[in-house]
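Those protein sequences? They're chains X and Z, same order as listed. Quick note on full-length UniProt numbering: the first sequence kicks off at 1 and runs consecutively. Quick note on full-length UniProt numbering: the second sequence kicks off at 1 and runs consecutively.
These aren't lab readings, by the way, just hints derived from the structure by calculation. Among these hints, one or two may not hold up.
No copy labels: a pair is met if it fits in one copy or bridges any two.
[Claimed, not checked] Capping the alpha-carbon separation at 27 Å, the derived lysine-lysine pairs in DSSO-like fashion look like this:
1) Lys285 <-> Lys102
2) Lys102 <-> Lys204
3) Lys245 <-> Lys47
4) Lys97 <-> Lys245
Residue strings, one per chain:
Protein chains: 2
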Amino acid sequence: MAKQRVLLLGATGNTGESILNGLLEHGAYEVQILVRPSSAEKPAVKKIAERGVKVVIADINGPIEELVSIQKGIDVTVSAIDAQSQLSQMNLATAAKKAGVKRFVPCAWTSVAPPEGVMILRDHKEQVYNHIKRLYLPYTVIDVGFWHQVSFPTSLPSRRFDYAAMAPSNEVHGDGERPNIIGDLRDLGRWTARIIADERTLNKYVFTCSDVLSENQIYSIVEELTGEKLERNQISYEEIEAKVKEAKINGEKEPDNVMNRVMRFKADYDYSKYLRGDNQPEYAKYLGYLDARELYPDFRPITFREFVKDLLEGKIVKPHYDFL
Amino acid sequence: MAKQRVLLLGATGNTGESILNGLLEHGAYEVQILVRPSSAEKPAVKKIAERGVKVVIADINGPIEELVSIQKGIDVTVSAIDAQSQLSQMNLATAAKKAGVKRFVPCAWTSVAPPEGVMILRDHKEQVYNHIKRLYLPYTVIDVGFWHQVSFPTSLPSRRFDYAAMAPSNEVHGDGERPNIIGDLRDLGRWTARIIADERTLNKYVFTCSDVLSENQIYSIVEELTGEKLERNQISYEEIEAKVKEAKINGEKEPDNVMNRVMRFKADYDYSKYLRGDNQPEYAKYLGYLDARELYPDFRPITFREFVKDLLEGKIVKPHYDFL
Numbered sequence: 001m002a003k004q005r006v007l008l009l010g011a012t013g014n015t016g017e018s019i020l021n022g023l024l025e026h027g028a029y030e031v032q033i034l035v036r037p038s039s040a041e042k043p044a045v046k047k048i049a050e051r052g053v054k055v056v057i058a059d060i061n062g063p064i065e066e067l068v069s070i071q072k073g074i075d076v077t078v079s080a081i082d083a084q085s086q087l088s089q090m091n092l093a094t095a096a097k098k099a100g101v102k103r104f105v106p107c108a109w110t111s112v113a114p115p116e117g118v119m120i121l122r123d124h125k126e127q128v129y130n131h132i133k134r135l136y137l138p139y140t141v142i143d144v145g146f147w148h149q150v151s152f153p154t155s156l157p158s159r160r161f162d163y164a165a166m167a168p169s170n171e172v173h174g175d176g177e178r179p180n181i182i183g184d185l186r187d188l189g190r191w192t193a194r195i196i197a198d199e200r201t202l203n204k205y206v207f208t209c210s211d212v213l214s215e216n217q218i219y220s221i222v223e224e225l226t227g228e229k230l231e232r233n234q235i236s237y238e239e240i241e242a243k244v245k246e247a248k249i250n251g252e253k254e255p256d257n258v259m260n261r262v263m264r265f266k267a268d269y270d271y272s273k274y275l276r277g278d279n280q281p282e283y284a285k286y287l288g289y290l291d292a293r294e295l296y297p298d299f300r301p302i303t304f305r306e307f308v309k310d311l312l313e314g315k316i317v318k319p320h321y322d323f324l
Numbered sequence: 001m002a003k004q005r006v007l008l009l010g011a012t013g014n015t016g017e018s019i020l021n022g023l024l025e026h027g028a029y030e031v032q033i034l035v036r037p038s039s040a041e042k043p044a045v046k047k048i049a050e051r052g053v054k055v056v057i058a059d060i061n062g063p064i065e066e067l068v069s070i071q072k073g074i075d076v077t078v079s080a081i082d083a084q085s086q087l088s089q090m091n092l093a094t095a096a097k098k099a100g101v102k103r104f105v106p107c108a109w110t111s112v113a114p115p116e117g118v119m120i121l122r123d124h125k126e127q128v129y130n131h132i133k134r135l136y137l138p139y140t141v142i143d144v145g146f147w148h149q150v151s152f153p154t155s156l157p158s159r160r161f162d163y164a165a166m167a168p169s170n171e172v173h174g175d176g177e178r179p180n181i182i183g184d185l186r187d188l189g190r191w192t193a194r195i196i197a198d199e200r201t202l203n204k205y206v207f208t209c210s211d212v213l214s215e216n217q218i219y220s221i222v223e224e225l226t227g228e229k230l231e232r233n234q235i236s237y238e239e240i241e242a243k244v245k246e247a248k249i250n251g252e253k254e255p256d257n258v259m260n261r262v263m264r265f266k267a268d269y270d271y272s273k274y275l276r277g278d279n280q281p282e283y284a285k286y287l288g289y290l291d292a293r294e295l296y297p298d299f300r301p302i303t304f305r306e307f308v309k310d311l312l313e314g315k316i317v318k319p320h321y322d323f324l
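Excised from the complex, chain X in its bound form (with noise of 0.2 Å):
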């Protein structure tokens, strides 16, 4: 069988990045990754252009009819575009369709959660769906909960995660009971090779997961595998919505200003995971995921125990600044 042809957007980025080591690894595929005409002579680039990846460099701002061009014999385009541009994807998706690419993969890669209303970030994803569904154009959204690379405690006293984390944490939020869908970030590519050669999956949602954990666990199983005790700051509910309070009034304030973007992201998150709780496998599949589980039975998810101990043996990669 030829190779199915894939575009990948935001190769460079920590999901991007998975996507493309999955694809590659699983053999099946012929990549070609987009990249902005700003960023062409990137360092990342080069090195992805080394492995025999084809780079074609196009604006996802520019003309419809490029970005018609540059899909034409395209499988399946797969998008990782950055959390701040998810509308910008619209054109991608308008040409796609024009082009007649198979398979249409919007920018998701994130945890469950509501199409409207909870999630300033899963609203916009929801214009893009919107916009895709308004085209007729076949597609796949694969959502993954939350990485472990971002779910872990560095509150040890040996300090001895420190290497791995895009920030400090030792929060437990509630009661601290709350179960999250979590998954491998160097999963989430394997799982992306998966899904996008399977006809089940068309026109549907998916979700990948390893463990589903609350923080109470998570923090017992760190505390299990390091034989350290952790600190923990309880953040209360009332503390969470206040936040989601503070960030809504100001980024009404200075809607252009990135970190109260951010801002916004993380308490949206904190609200969602841990205040109403949405990130678990039975609402997904209210809310009509396919639980990828079950559709791969062989495959073998990196669990979050794994993940510790390869924690402990100084063998992660911290995830970049490109993550919210």
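Starting from the known structure of chain X, fit chain Z onto it as the hints suggest.
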């Protein structure tokens, strides 16, 4: 087995009437109707009460506690509220969640269309669906295409169909070839009685259907069965688009003018059904709908041909003017 307790909102409208008849005929339901205080003394309500149906008086814009209390012990709440009041369903849904209602059937009952940006009526419904999803309230969305009762031409030289028509109709849009899902208003409740007893339809969208016919096919069937030649008023795609534009401008100028809203609904329907071609089984399935014909292969819907025969025999009742 104990009868399922259903609370029906909008029972005196065309859709609600069909639902009430379908549920009572089915036999497995104990139906209560929800009526606003100002309608309690209406003859149509009295007539329903005379059939042994319990009448519950409450204001759906009133206090939530009252809406909780009337839904305690209810298995299924079915809403067939008028088109202008879609957003008033929000509190009823909030209360349904608190009361432990096992299935909420919001007011859908229309043609298949994308969730956002094509029909303003669908946009309003989507806000209600999104509210339901935020609540994690079990639901079923039931769409029925377009009724036979508003899909037949009246432009016969004999004028013998005028008695059953809400408005004269002689339009053919574009090339007249766009197929549309249609169904008989009298079947709407019979379908509903099947769908709301079915675990497979929980948290799903379902469409019902008797025929999928283009306007040209509809005109041919009527000409064949009447032996008369129909007058046809050709409406171009450009005219459809111009009507939508005009209706949007008028709606923005006078948002509270009911006639403007009705004109907008009509323009949107024509745009969606005849220009975009949304109201078709394939697109419905793409959007995630289940096909009621596949779920209930033994269900024999009234076909459009049978409807036209009934029309000829004077058996069709003209719908009331609540349908938009």
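Each hint tested on the structure:
1. For the identical chains of this complex, lysine 285 and lysine 102 are neighbours both inside a copy (25 Å) and across copies (17 Å), given an alpha-carbon limit of 27 Å.
2. Taking identical chains as interchangeable, the C-alpha atoms of lysine 102 and lysine 204 lie at most 27 Å apart whether they share a chain (14 Å) or sit on different chains (25 Å).
3. When the C-alpha separation of lysine 245 and lysine 47 is checked against a cutoff of 27 Å, the pair qualifies neither within a copy, at 43 Å, nor between copies, at 51 Å.
4. Proximity of lysine 97 to lysine 245 under the C-alpha cut-off of 27 Å is restricted to the inter-copy arrangement: shortest distance 25 Å between copies versus 39 Å within a copy.
The structure shown violates just one earlier hint, number 3.
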